[in-house]
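Protein chains in written order, with my numbering: chain A, 1 to 150; chain B, 10001 to 11167.
FYI, nobody ran anything at the bench for these hints, they're computed from the structure.
Calculated pairs, PhoX-like style, for lysine-lysine (alpha carbon to alpha carbon, straight line, at most 20 angstroms):
| no. | chain 1 | residue 1 | chain 2 | residue 2 |
| --- | --- | --- | --- | --- |
| 1 | B | Lys10485 | B | Lys10511 |
| 2 | B | Lys10656 | A | Lys40 |
| 3 | B | Lys10590 | A | Lys92 |
| 4 | A | Lys79 | B | Lys10590 |
| 5 | B | Lys10668 | A | Lys40 |
| 6 | B | Lys10625 | B | Lys10644 |
| 7 | A | Lys40 | B | Lys10590 |
| 8 | B | Lys10629 | A | Lys40 |
| 9 | B | Lys10325 | B | Lys10472 |
| 10 | A | Lys79 | B | Lys10656 |
Simulated coverage check for chain B against chain A, where a stretch passes if three residues somewhere in it have a Cβ under 8 angstroms from a Cβ of chain A:
| no. | region |
| --- | --- |
| 11 | 10610-10617 |
| 12 | 10954-10961 |
| 13 | 10965-10979 |
| 14 | 10988-10998 |
No residue lacks a Cβ here, since even glycine has one placed at the ideal position from N, Cα and C.
Take a look at the letters that make up each chain.
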Amino acid sequence: MRILLIEDHPLKQSQIYNYISDNFSNSNVSMRNSYISGLKELIRNHSNYDLLLLDISMPNYDISSEDSGGDWMPLAGKKILKELYLRDIPIKAIVITMHGSFDDGTNITDLDSELMEEFPDNYVGYVFYSQINEEWKQKLNKVLTLLTHD
Amino acid sequence: MNKNKKKGKDVAINYSRNKYHKFQGSIQERNEAYKDIKKNLSFTGLCSSIDYLDKALPKNRKELIYGIALPKSYKELGQLKESPHLGNNIYSEINYCLIGIRKYKYEINLFLKYRDIFYSNLLKGHYDMAELQLEKIEKEICFSLWSLENRFLLLEISGRAPENKEFLSKFNEYNKSNSLTKYLAHYLSLRAEHSLSINRYNKDLENSLNQLNSSSVSELCKSYYRFKLNYLNYTNINNHGAVISLDFPHSIIDRYLNISKVIASYLLNNSSNDDSSKENKFIYEYVLNRLNYLMNKIDDPFLLKVKILLGSKLLGSTKFINDEKQIKNIDNYTTGLYDIVENDTKELLLQNPAQFDLYIIYAKSLIYQKKDFHSIGEIKSIQNEIIMNVYKIISMNSNPDQSILNLLRIANNFTSLELSYGIIDFIDSHTKERKDTKVISKTSYSISNPIVYETFNRLENKELYLDILKEKYPNSITIEFFQEKIKVQGDISKFEEKIPNGKFKVELAKKYQNNLQLEKAILLWNDLIQNYSDTTPLFETAIINLFECYIDNNQINEAIELFIDSYFLNNHIIIKVNSKKLLNKIGSNKFRNVERNINLPIFYTIVDADEVETHIAFELFNLSKNAEKPSELLVLDKSFSAQKFLFFLEFCCTSKVLMHSTFINNSKERLEERLSILNYIREKDPNNKNIISEIKSIENILVIQQGLIDLDESKIYVNEQGILENELQEFEAIYQRFEIIAGITSGSKKLLFLEGGKLTTFASETDTKLEKIEYSNNPVYEIYLELFNAVKDKFLNSQFGIVAYLSTRIRHGVLVGEIRPIFETHKLITLKEGQSSLYRKNLYWDIAYSEFPQSIRDSIQNILSDFATKVDGLIFDLIKKNLQVYDSESNTEGWFNYNFDNNDLWYHSVASVNCRSYDEFVNRIFDVLWVRTDENLEYIRGQIQGEILNNFNEYFDSLELSISSILEKDYTIDIIKSIKDCSTEIQTVIQKISRWFKRSEIKAADFQISELVNIIEEYTNKSSWHKHLNLSKSIEDDYRIKGEYKTHFADLIRIFFDNIIKHSHESSQKIDCNIDINLVSDDTLNVVISNEITKKNLNELSDSKWNGKTLDTSKLLSEGKSGFHKAFKILTSDLKSNRNDCLSTIISTDETLFSVEIKINIKDIKA
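Produce the complete structure using the sequences and hints provided.
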């Protein structure tokens, strides 16, 4: 399975990457670190991927020594899903977040319902990531296994 | 009286009689007894019971029956000796309040008559008469919250605003109530302020309400406050019972006004339809019954209007007021006799200044005659202010925003008058998002105005209402016309000759539109647009409806074109166009159904659509012209309408839209793209001030961003030239020896030198035998080693060495300034208490968890304090141990390791033999040291990204676990969010910090001093989340300086800016300071940085002074009270200024101002 992971948190990114690599031998995970780098990859190369793993909050641009990443986008993941919808990009997407609520006051369960309703062709569901427990691994495993069999 | 009634009455009296001892008992018993009868008796029973108690009880036991119904002064207002129970049962609270109204109905009816006269005078600008009337009300009836509020209002409106506050102050002094009265008085005074914006008022009120705790009683009080103080936003409330109950301490006038509004709100916002629960139906019917009761006692047109507006069966049984004159006026308006309407309405307005529909009719009569606004009566009156703003909004000749704000303010001032409901509804109907008409707004209309029919939702109510009016006014053409209009098969053609042609066409087109005869409707609307562009109401209606027709007829591009063309004709005419439907249609078709021309992004921009959709519209247009970025369109400008193209560039190609472009890769590119667009616009429109200011702002941001990058990239630095010229002269002789010995030993010749020049001594006085002399195996290497160590020492520890710059640019507050504010912003750590190691209480979370038991709150504080200790400990160790030079004895945790292997050095010594000069020799050693430095830096980057980041992550995990272990999941959401947000930011900043540890090959460009000051101001403020510099700059001589001095200048200014923050008082959030830069002689630039002294501690003040003229190198290599030394070193060593007068400090004689004066010789550093 070819997976694109859009995630800015290095630790979370490496843990997800390692988990998938260790448990899904046929998978190939590519990573992007910001809204624009992720969106650009999706627009240009979406056919190279079977699945999108998507964080919700991230910086506008990749952070580098020359750029602090621009504006912080609390709901960047939601905007990426909207772009996918409007651009007719059919990739399946799983939101993988460590936040129970977001800056605009939405909580993850409300966001889940909202995304399911607005982007049913792309959005599959969400995994709640946490560094202090491993439940996310089980949930991710379940969703990935399901998608692999599909 | 029938038998049952009498029996019921007896039972109620007996009920009270049995509790008589309690009414006579303690305050608490009495309170309970009143609560009991209020709760358990029906209204009839309550009447009998209260009548009995009123007669039987002594006066001092009856306060809880009627309260202080008619206060004779403001002192008495709200001043109950006994506090009643707070109830929230709508039946019992209404009943109990009605008991008082039943007793004081005469006073209330009189009040209502007097009140109308008062408001009439107030609105018309007859302030003296209004004041007399107010006095009359206070004297003949009573003092009340109502009269208090209107005193404030009168003072404000009549131009005596300061007296409002004086009056409030006097009231607070005089009134001794312990109820909510004074709190209300405060906000009533604010609400009356004629210069206060409604937003400000609402914000202040809501802030105060949000600070109330979240108990159930607080919620009841909040409902009450909102109802009393912000009714326009809270017409639909909960807790109706409590709103009545809490008003008991006020006068009977206040209680009547309050309950009539509560009843109206309840009935107009609820219904007894089939979907309602049984209980809701019952409550509704009961409240309706109470409205009827009230109407029997009180002759108030407001109650009558409420009843009519409820529709249904009530309509048929309601007596309408005879209002021939008003109907005649409306008929004249319908038939287009606008000149007559203008005159008659003027008269009517002066008679009924609180009737809002007249304001609309008057304004429209002027607009249809194409007349300008004419005032009526007193020119400077609220009435004329309302007319003028209504006129401006309807005529759309100018931006209506200010008029809307003016009307909102007036409505807020006059919340206690129904006129305000009409104003709010009018504004709602003229702003973009049309809200449903609030039924209550029509209480500000004449109830005989046939247009009220629109308020009813059900057709039968509309018909019934118009039928009743028709019966009363059989000749009214307006009523007849409306009756025909609402008929499904109605034929309005018979009115073609009776009403103005434009209006007739509007009605006909609407009819076609409603019947989905869209083609016909489109023709007619287009006809209206062609012929009535000078009659705004018709023109606007035509645009709104044609737009709708186009959408319904799937003519998407025509709809957009109409919208854009109308917008460019009159920016305000499209405000009421409902664009949502079109946006949904385009969105659901994923833009496939729309032309990708310039109108598309302009439309999305004007309607302020979702930002992703707006960007897609923007991108589709760009791509249709083969442009990835809008700047590529600039060469095609001739192919677009100039007006549209400039609009597109200015308003569509904004940073907010560009942030979604995948053709732009970073913030700098985005700013540069916007800048190139702005420069184009400036060329075409040189007087556009917004553009000029945006250009300035972006240029400034770009300079600051580059400056910050330069600073980040130049943290690792050694001034090699400085070392060579100033620190190593004494070693030149040793180098010469090295040269000689290397020359001698170049062949096979061997020299005998004592190893390392080592000396020896006797073992004791008696044991004087010396050990065998050891000769060096490699004297060249030994001399090399001596020189190498000397250069290394200077490379590391001299004033030009790596440690001094490391100390200034990283360790001296910079690293802490990057990391700690993030934790502080997310409220995870606090400052330490003074010099102690204890952390201050984290008030944010203590307040957030104030409802929890003290033990839990203490645990949270302990966990946070433990977390802060770990975080600060990690930062401390990083600075004091890790980012230091490794020493096998004193600091084994240092990461700058300059211990060399002997074999390596031997190799270097051999290589150095070929050096042709001392400088070359030293530079070769520098090279060796730089290679090692690079290795160290790589290691440090790894350590920071690895060990340090892992430590932080462990602390975050541990904090999250600890918090989760003491709080249930639902209560941890906010604090866990803070932890996660903080963690995410820390990941980023740690990456950034790790990047400091590399050598930069980039040379900073030359710079203006003013630019650098801006950069450092930004830098300092970013490093301090709780204190900010409020810097005023006076830079008379803004020289351009060579880029190589940029970081030295930056270090210098940062040290002083940091000092201002560091030495200011803890409570100072904005610290006023100045920087003055001017040339005092040919080459001497004088820089004075001064700040107000906010922390007056004499010891600290004297510590802040710089008295030295000599350099303490140890202060350069360490941190803590070393800023002046570092600055002195920069001035004297890096900037080569005169050490005698380059730095001085001054404290003003009154000890209010601290200044640092710097003199810099700029002769050699000017670009």
